[in-house]
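**Student:** Based on the provided sequences and hints, a complete structural model is requested.
Residue numbering for the sequence shown follows my numbering, beginning at 1 and increasing consecutively.
Derived by calculation from the structure, the hints in this document are not laboratory data.
It cannot be assumed that every hint is accurate.
Straight-line Cα separation of at most 20 Å, PhoX-like style, residue types lysine-lysine; simulated pairs [claimed, not checked]:
id, residue 1, residue 2
1, 171, 294
2, 74, 29
3, 294, 39
4, 415, 171
5, 226, 42
6, 161, 326
7, 415, 278
What follows is a set of in silico ranges between Cβ atoms, one per label pair, in the way DEER data are often shown [as the list claims (entries may be wrong)]:
id, residue 1, residue 2, range
8, 90, 132, 26 to 34 Å
9, 278, 571, 38 to 46 Å
10, 378, 572, 46 to 54 Å
11, 397, 107, 32 to 40 Å
12, 323, 278, 34 to 42 Å
Here a beta-carbon is modelled for each residue, glycine too, at the ideal position from N, C-alpha and C.
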Amino acid sequence: MDQEQTCGRQVIIIGAGPAGLTAAYELAKLDDNPIVIEKGDKVGGIARTEDYKGYYFDMGGHRFFTKVEEVNRKWREVLGDKFLRRPRLSRIYYNRKFFDYPLKPMNALLGLGLRQSILIALSYIRWRLRPYPEEETFEQWVTNRFGRRLFRIFFKAYTEKVWGISCSELKAEWAAQRIKDLSLKTLLLSMIVKPKKTITTLIDQFDYPQRGPGMMWNAFKGEVEKRGGSIRLNSEVVAIHNGGGKYIHSVEVACNGQKEVIHGTDFISSMPVTEFIKKLNPPAPPEVLLAAEKLRYRDFMTVCLIVNQADLFPDNWIYVHDPAVKVGRIQNFKNWSPHMVPDAAKTSLGLEYFCNEGDELWNMADPDLIELGKRELEHIGLASPADIDDGCVFRVPKAYPIYDSEYRDYLAIVKNFVSRVENYQTIGRNGLHRYNNQDHAMVTGMLAVRNLTTGEHHDLWSVNTDKEYHEEITGKSEPEIALEAVKEAFAQAFAKLDRLAFGFSIGATAGLLLFLATLFLVVKGGDVVGPNLQLLQQYFPWYTVTLPGSFLGLGYGFLAGFVAGWGFALLRNLSVFLYIALIQRRAERLLLRNFLEYV
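**Tutor:** Laid out in C-alpha cells, this is it:
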C-alpha cells in the first residue's frame with residue numbers, strides 16, 4: 001500500500017469494546033490515525049471493569065484463554081507481564097447442594113444419589129439409541145448428548161433463567177457454538193483423567209489482568225492514542241449518513257449536549273447491528289427495519305456487594321440452578337484477582353441477574369436490588385446480610401444476542417442489507433448478532449482491518465463457526481479443511497460410541513437389574529431362595545441371594561456390565577473405523593486415477 005493511499009483514508013470506528021479497540025490498534029500501527037466513537041464513559045464494552053470505592057468489578061467474568069495464537073500475542077504485546085495465572089474453580093448450586101464443575105466422581109454421586117445417577121445413565125442410553133433426528137433447539141441438542149434427565153437437572157432451569165425463553169425455543173446454534181465439544185463422555189473423562197483435547201468449557205487455568213479486563217482495554221486505548229488515534233468517550237452516534245446510496249460518508253455524534261458531524265472514508269462498527277439499521281439516514285427499507293426490530297437481546301445487571309469477610313467461598317464463580325432465587329451466577333472477584341479488592345479483610349461479590357431492559361427487575365431501584373441480593377445470598381447460604389457493608393448496581397444492556405426461533409430469518413435479511421454497503425464492516429458480538437467471546441470479537445476486528453488495508457476478503461460473519469474458524473485462524477489449506485469435512489460427515493453417518501460412557505451406562509443397568517432381581521427373590525422367599533440365580537456364585541465370589549448379597553450383586557453387575565459395554569463399544573468403533581478407512585482408501589485411488597487420466 002502506498003503512503004498516498006494511507007494518508008487519504010480516514011477510518012471511523014463505532015464502539016470501543018474488544019473488537020473496535022483491536023481494529024483501532026491494528027490501524028494505528030499502520031499510522032492510519034483512526035477515530036473511535038464510544039457511547040460509554042470507559043472502554044471495554046461488555047468486557048469493561050467498573051470501579052466502586054476502590055473495588056473493581058468485572059461485568060460478567062472474562063477469562064483470558066484462547067486457541068488463537070495471534071490474539072494471545074496481542075494480549076502479551078499490550079499488557080506485558082501484568083497477567084496473573086489463575087486456577088479455575090466453579091461449582092453448580094442445585095437442590096441446596098454444591099456440585100463441582102467439572103464434575104468429580106464422589107462429589108457428583110453423593111450429591112445426586114445412587115438412584116438419580118442410575119436414572120441419568122439409563123436416560124443417556126435411551127437418547128443415544130434413539131436421539132432426536134433433528135437438532136433445531138437447545139433442548140434437542142443437549143438431550144441428544146446428555147439424556148433428558150441430565151438436561152432437566154443441569155441445563156434447563158439455568159438456561160431459561162439466562163435467556164428468558166424456553167429451551168424449546170432457544171436455537172441449537174447457541175449450544176453448538178458455546179459448548180460444542182462438551183458431552184457426557186467429556187464430563188465423565190474429566191472426572192478421571194485430563195482430556196487430551198482442551199475443552200474451553202472445562203479449562204482449569206486461565207490468565208487474568210491484575211485489575212480485571214478493563215486494565216487490558218485501557219492499555220489498548222493508550223496504545224492507540226500514543227500512535228495518533230483518537231478515542232472519544234461519552235459520544236453517541238445518533239445518525240449515519242449514507243446519502244441514499246451504498247456508501248456511508250459521515251456520522252452524526254452527540255456529546256455533552258452538542259452534535260458534530262464526522263466525515264470518513266471507511267467505517268467499522270461494533271454497535272448492535274440493529275441500532276446501525278435504525279440510525280441510517282435516509283432510512284433502510286421497511287422490511288429491513290422490521291427485521292432489525294425483531295432481533296432481540298438479553299440484558300443483565302450486576303449487583304455488587306462488599307462483604308465484611310476475608311474468605312467466603314473458594315470459587316471464582318457459582319452457577320445458581322435454583323428457581324427459588326432470581327440470581328443466575330455469583331462472581332467472587334477476590335478469587336479472580338486479589339488486586340480487585342483494596343482491603344484483604346473484605347470480599348467483593350457480583351450477583352448477576354439476567355433480565356430485559358425495561359422489565360420489572362431492570363427498573364427496580366438500586367437499594368431494592370441490593371436488599372434482594374442480600375436475601376438471596378442468605379438463602380443460598382453464602383453470606384449473612386449483617387456482614388454486607390456496602391453495595392452498588394451496574395446495568396449492562398444488550399449483553400447477549402438471543403438465538404430465538406425467528407432470529408435466523410431476520411438476521412439473514414439484515415446481513416444481506418449491510419453487506420451491500422461498500423465502505424462499512426460490522427464486527428464484534430453485537431455487530432454480528434453472534435454470541436462470541438472476546439477473543440473471537442478481536443479476530444473480527446483484525447480481519448476487518450485486513451479486508452480494508454490489504455484487499456483480503458474474510459467473511460466476518462463466519463468467525464467462530466467451525467469451518468471458517470479453522471480456515472481463517474489456523475491457516476489450514478483447503479484440502480485439509482475438505483478432508484476434515486469428509487471425516488465429520490463420516491462421523492455424523494456412523495456415530496461413534498463413547499466407550500467410557502457406554503460402559504458406565506451398561507454397568508449401571510446390569511448392576512441395577514441384578515440388585516432388583518436379588519431383592520425380588522429374597523422378598524418372594526421359599527424353601528430354596530433363587531436356586532438359578534445362586535449359580536452366579538461360580539463367577540462372582542461371595543455372591544448370595546440374600547439382602548447383603550444384593551448389594552454385592554450391584555457391584556458385580558456394574559463391573560461386568562462396564563467391561564462388556566466398554567468392550568462392545570471398542571469392537572464396534574474399530575469395525576466402523578476400518579470400514580471408513582477402506583472407503584477413504586478407495587476414494588483416494590479413484591481421485592488419483594481421475595487425475596492421471598486428466599493429465
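**Student:** Decide, hint by hint, whether the structure agrees.
**Tutor:** Do the hints match the structure? See the list:
The straight-line distance between the Cα atoms of residue 171 and residue 294 is roughly 15 Å, inside the 20 Å bound, and the hint therefore holds. Using a Cα cut-off of 20 Å, the hinted pair residue 74 and residue 29 holds, with the two alpha carbons roughly 12 Å apart. Between residue 294 and residue 39 the CA atoms are separated by roughly 23 Å; this puts the pair beyond 20 Å, and the hint is violated. Among the hinted pairs, residue 415 with residue 171 is consistent with the structure: their alpha-carbon atoms are about 18 Å apart, no more than 20 Å.
About 17 Å separates the Cα atoms of residue 226 and residue 42, which keeps this hinted pair within 20 Å; it holds. A threshold of 20 Å between alpha carbons decides the hint, and for residue 161 with residue 326 the separation of about 8 Å falls inside it, so the pair holds. Note on residue 415 and residue 278: the hinted pairing holds, with a Cα-Cα distance of about 14 Å set against a maximum of 20 Å. For the pair residue 90 and residue 132, the beta carbons lie near 29 Å from each other, so the given range of 26 to 34 Å is met.
For the pair residue 278 and residue 571, the beta carbons lie near 60 Å from each other, so the given range of 38 to 46 Å is not met. A hinted range of 46 to 54 Å for the beta carbons of residue 378 and residue 572 is consistent with their spacing of about 52 Å. Range check, residue 397 to residue 107: about 37 Å between beta-carbon atoms, so the 32 to 40 Å window is met. For residue 323 and residue 278, the Cβ-Cβ distance of about 36 Å falls inside the hinted range of 34 to 42 Å, so the restraint holds.
Comparing the model with each numbered hint stated earlier shows that hints 3 and 9 do not hold.
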